[in-house]
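Take a look at the letters that make up each chain.
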Amino acid sequence: MRVEVFTFLVAGAICLFGAFGVVLFRNPVHNALSLVATLFGVAVLFIAQEAYFLAAIQVIVYAGAIVVLFLFVIMLLGVDRAEALESDPFTGRRIAAIIGGVVLLGGSLAVLLAAGQRATGAESATAPLDPALDDVERLGRVLFTDYIFAFEITALLLTVAVIGAVVLTRRTVGDPIDLVDFPEGTALDVWEAEHALEDEFDDEPEGDIADESAVESADDSAGDVADDEVVS
Amino acid sequence: MFTFTGSWYLVLAAAIFAIGAVGLIVRRNPLVMFMCVELMLNAVNLTFVTFSRMLNDVGGQAVVFFVMVVAAAEVVVGLAIIVAIMRRREGANADDISLMRG
Chain A
10 MRVEVFTFLV AGAICLFGAF GVVLFRNPVH NALSLVATLF GVAVLFIAQE
60 AYFLAAIQVI VYAGAIVVLF LFVIMLLGVD RAEALESDPF TGRRIAAIIG
110 GVVLLGGSLA VLLAAGQRAT GAESATAPLD PALDDVERLG RVLFTDYIFA
160 FEITALLLTV AVIGAVVLTR RTVGDPIDLV DFPEGTALDV WEAEHALEDE
210 FDDEPEGDIA DESAVESADD SAGDVADDEV VS
Chain B
214 MFTFTGSWYL VLAAAIFAIG AVGLIVRRNP LVMFMCVELM LNAVNLTFVT
264 FSRMLNDVGG QAVVFFVMVV AAAEVVVGLA IIVAIMRRRE GANADDISLM
314 RG
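Just so you know, the sequences run in chain order A and B.
Sequence positions in the first sequence follow my numbering and run 10 to 241.
Sequence positions in the second sequence follow my numbering and run 214 to 315.
No lab work stands behind these hints: they were computed from the structure.
Think of the CB as a built atom: it goes at the ideal place given N, C-alpha and C, for glycine as much as any other residue.
Fair warning: there could be bad hints in the mix.
Pair ranges (Cβ atoms, derived) [unchecked claim]:
id: 1; chain 1: B; residue 1: I294; chain 2: A; residue 2: V12; range: 42 to 48 Å
id: 2; chain 1: B; residue 1: R300; chain 2: A; residue 2: V77; range: 18 to 24 Å
id: 3; chain 1: B; residue 1: V280; chain 2: A; residue 2: A105; range: 23 to 29 Å
Chain B with its partners taken away, still in its complex shape (with noise of 0.2 Å):
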């Protein structure tokens, strides 16, 4: 019989995990690659959170603290890429933007 562990949030944040990989890959319009990536993100903390609490160590929740930062950091400055980049092209897609070789 199945009893409830941790591991049930570890199991769930694996699979947001994998969805928000497979969208990154997946779509082409770079705001909801960036949404993907916050779902990666997500995923991570939830597992960090799930296994402070399984480890009894609150430095997990710290690191999901640091997390935070980074991605409101990441969000921020990938924006601004994105208003600066369709101020002077008209619609380019992650495809378009190629010129850096990336």
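So here's chain A without its partners, still in its complex pose (with noise of 0.2 Å):
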């Protein structure tokens, strides 16, 4: 019971610290910092109460997959990019959440206290925590018996995720981002036009690099046409 007691103080502390930094903090990545320390305290307060699966998923996916995604978009858009997109909130805002979350903390830490263990309800007949099978085998056995309906709608959530984070990232007509950062185009476009130039040095009357305009001015010669793109 000491060691519970030990383990729940310290990775309570992680947890708050953590909780804090993501607010209080102004760099998002920072924030996103503070955030990995919060899932991982959760972690550990997991496996003190011998959910391990739950701990190793919150550890993989939590951590591993999700913080990682917050951290690239703010590598995409760029930290100071990013960092700009704070504004300070009314203050009669900031007031309101503080007195909303104070009064949040207030009304459910009088409900755990004063119920005290009452608060709990009654125990579980129908899906017992029974202590003969392992922690996979337990959680795995209620997943694909209880819940499996659930569990199949899951895979349908997760199909339509996907498909909406590609179609609402995908590009559509007008100029790409890049343009402005990149005038001369793509690093592709580069290349291109490096190798057209190399094509007119070579002299070949039918090269790679004739397009419509070739097609149009039939009788101009291929070595003509790139000369154009090039001046042009």
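Now that you have both chains on their own, put them together as the hints suggest.
Below you can see the structure in the form of structure tokens.
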């Protein structure tokens, strides 16, 4: 019991500091790293409560995938740009948020502490944490029997999420955003332009660079077409 | 004298949830708002696991499993929306994106 108290105090402190860090730091990268601290603390608390599989999933999915996704988006937008998204909220909103948070916390604590042990309800008779089975087997049995329908809906949900992400981030018509930073085009365009120059020096009559303009002006040689492109 | 019971976990989870809720309202950066939502989801997960252990019921852990799946899907779609908005507009925070009157 003493070990569990110690574990709880250390992991709980990590959780709380991480949670405050998420709210208080100004740099989004620091927010994400504080979130990792909180997720790690929650994983330790899962282990302390004998939910080993969920602790592993917590570390892999949350710290390993979701936070990395956050960091990817921060990197994609640029840290300075991601930081510039912040604006000071109205003073009234900030005060109202803090009052609301205190009321929320106070209400939950009042319910918990006033009810004491009775806040936990009656013990389960149908799906007990059978000590004879190990953690993964218990969870697997209940997932594939009682919760099988929800489990299959989960597959549908993930598919919809993937398709939605692809559709949302697909480029539509218009100038790609890269043209702002790279007016000469992508690296492939630069490479093709350089090879167009090489083809001009090769002085081949029919080069790979022949395009619609070459078809339209059939009497011009391909070298002249390439020359025109370089000049324009 | 205080005895160590599962209620301590519930108190900690309530504290994390409250911090996440305040952060969700105070911060205006959509990325940080998403992180605050993750905080709140984690607090609820901790509550579920605690009740699962106190009530000797594995159903709480199954619910945590589903919450994690929904959180992952939510983050994927949410970040895709943020990226799509940022591609169109320079530096829009959550107060600027009010076209849908949300």
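> Hint numbers the structure violates, sorted upward?
Replying inline: none
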